[in-house]
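Required output: the full structure, derived from the provided sequences and hints.
If you read the sequences in order, they're chains V and F. Under the numbering used here, the first sequence has 845 at position 297, and the numbering climbs by one with no breaks. Under the numbering used here, the second sequence has 108 at position 94, and the numbering climbs by one with no breaks.
Now the in silico label distances, taken between C-beta atoms and shown as ranges:
| no. | chain 1 | residue 1 | chain 2 | residue 2 | range |
| --- | --- | --- | --- | --- | --- |
| 1 | F | A309 | V | A659 | 42 to 52 Å |
| 2 | F | D425 | V | T665 | 50 to 60 Å |
| 3 | V | D735 | F | S261 | 45 to 55 Å |
| 4 | F | S92 | V | R611 | 38 to 48 Å |
| 5 | V | D608 | F | R143 | 29 to 39 Å |
| 6 | F | E383 | V | D735 | 48 to 58 Å |
| 7 | V | G634 | F | P21 | 25 to 35 Å |
| 8 | V | R867 | F | P386 | 51 to 61 Å |
Stretch by stretch, here's where chain F covers chain V in the computed footprint (C-beta under 8 Å, at least three residues):
| no. | stretch |
| --- | --- |
| 9 | 657-666 |
| 10 | 682-695 |
| 11 | 716-727 |
If we take Cβ atoms under 8 Å as the criterion, some of the chain F residues that face chain V in the derived model are:
| no. | residue |
| --- | --- |
| 12 | I138 |
| 13 | L145 |
| 14 | A167 |
| 15 | Q173 |
| 16 | V176 |
| 17 | L177 |
| 18 | T188 |
| 19 | A199 |
| 20 | F216 |
No lab work stands behind these hints: they were computed from the structure. Keep in mind the model is a prediction, meaning the values are calculated, not measured. We treat Cβ as the ideally placed atom computed from N, Cα and C, and that holds for glycine.
Residues per chain, in single letters:
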Amino acid sequence: MNAAAAARPSLATPPAPRILGIGLVTGWGKGVKSLPVSSSDRGEYGRGLVTAPTPVLDGDRFRRATRECLFAVAAAKAAVADAGLGETDLAGPRTGILYVSATGYAAANRAFLEDETSTTLHFPYTSPSAVPGEVTIELGIRGTYVNLMGGAPATLQALWWAARWLTEGRADRVLVIAVEAFHEVWDLFRRARRLYAGPLIEGAACVLLDAGEGGVLRWASALAGPTGAGRMVGAVLRQVLDGAAPRLVWSGATGASLERAEATLLKERGDPPAVPRLGEALALGPLVAVAQARWAGTPGPWLLTGTWRSEYAALLWGR
Amino acid sequence: MTRALAPRVPPVAITGAGVVTAIGQDLDSFWAGLITGVSGISEIEGFRVADLRVTRGGEIKKIRREIPAPPPGGAGPSRRSPYCRTTRFLVHAAREALETAGFRQGLPEASRIAVVIGTALGGIDEASRALAGPGALGPLTGSVFDGPTRNLARWVGAQGPVLTAATACASGATSLGLAADLLRAGQADVALAGGADALCRFVQRGFNVLRSLTRDPVRPFDRRRNGLLLGEGAGLVVLERADTATSGGRRPLGYLLGHASTADGAHITAPDPEGRGLELAVRAALAEAGLAPDALDLVSAHGTGTPANDRVETEVLKRVLGRRAYAVPVNSIKAHLGHTMGAAATLEAIMCLLAGRHGQVPPTLNYGEVDPDCDLDCVPNAARALRPRVSLSTSLGFGGCNAALVLSAGDEAP
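Printed below as a string of structure tokens:
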């Protein structure tokens, strides 16, 4: 390793970024204030899906855009406004963007598969990259750009990557955007309801970050192997916590054995208060949790965890 | 000039590679096909195309039937989760990549292995079959976008970070960059990274509707170029930190020196007419590598054969390379393979390494008429004796995705 690289802050544990603004669009409304305060207050008993209304945006260009694109643009604009910035302030190469989704392509793909009369305009929107693409066009962003497909663990990775980009100077600001859309494919997801905890929550969240919060951001993940869930959870959490005691926890873990293992280990760390989990929001979940944690005003470190298809991941954010 | 988008980073060794393409399903046949100008373009037989305007592509006619045995700790397909075509490409390429990396006797600790795959389509081919019938939920849930990546991770027995990058047709470059970053940060000791996509009716029909496909031969950089043809396959590399890559006397194929992925912020399907995002990616990848443009011996262009792409890439390369622009060979292998989407950038990176190893640069096929807007040296029609040490590979994709890789060939760390 060259001397310059050795002198840089650790890439494994970059400094925690600062939240400049958060945009949130869900079936409960816009912004964190619209969210239910607890899972028992969410008001969707009997419903398996909390549908989000399609955002209405100005601009002729959006007549072609899919619902998931509109979610993303609406959330990004809300985050920019929440940060007190103008819509042209992020234009250019110094803003990075990370997009995450588990299902953000499904509705468009299904529509294109099932309707062979689809027009020219539709096919490009089957690409997951169309969703952040619309955000970059709308805000004029030309910086570092990565899209990750997966559930909550992918979002935790994206937050870690954002912190790295800021630390390394690849970007002055980074948008992390997560979108999930279930309405058009609800019949398919309904068949797999046993795989999800609580109602499915669709919509979008965007967190606008810059450098300078202090403390660290530590991420780890693991795929389930023959060693079992308990050991996997223990290994990931021990690596992420590294002796720290989180002051707030959001658990996106699904599955009895994972949840048990997580609860046992957190009990040893003082059983910190939990941000309520309002349902299953896949990649959207961790960003909704960040919005809730920020709104609660609890100082860090925050611990966020999540699962997706045999993967368990955790992120420690802040001092 | 804006501030550099990237700091200089340590090189990451590429210790193994594996390919599955329409011109060859291992490195030797792939390389022989590239050098001798074999085209994998043919009439598509794997799905219904009779109603489409363009019915040809770089289709793999016969993928090896047997699934290679997974390494110790890995697991193959199950009745509940059979492998889709994309996964089959991936595991065949992975077997070769691990073998060439010298991991015949077993892999490092599972928790230290990362799997990072780029794809433009994910499991859509399998999803289309699952949706068409009343079948069980298993195949559908297994065909989600990152399904093939997860299948590969299980086959390898990896328990470290698993990522699916979806920067459209730049995905195979983005995945290599992300994997290298994971290694540099100490999140893994070995990364299996690359890209894969399967040709299917979904994407053939989509590009057909867009009228991006040509009925003529694919002619990158030629004045007559009027579109692309799709292909399929997988390209995978094994990445390791340079300090561990030569353990046990192993000799790396080369090094990944720099990477950048950037946004255009211009259009969903077309490249920025000025190529600003691509230029930023190229300059940032060079900055990561700590190299000036003068160091480049070869450019592997995205070179799709569409009027806009090839013109924009040429303009960007002229701006970046300056007076050396006409002295650096710029090839495209899309006429050999078709546009293999998520696999393309990784296959092109592997081509750059093999060119350095064999001392030959594969040609750009079907070239006949000079376009004043695309007048760089595109290595027309015949391979050239040249041993490129440092190469640049460029990629572009839907959603305004751009990516650039800077690679060095040879087993000595730069």
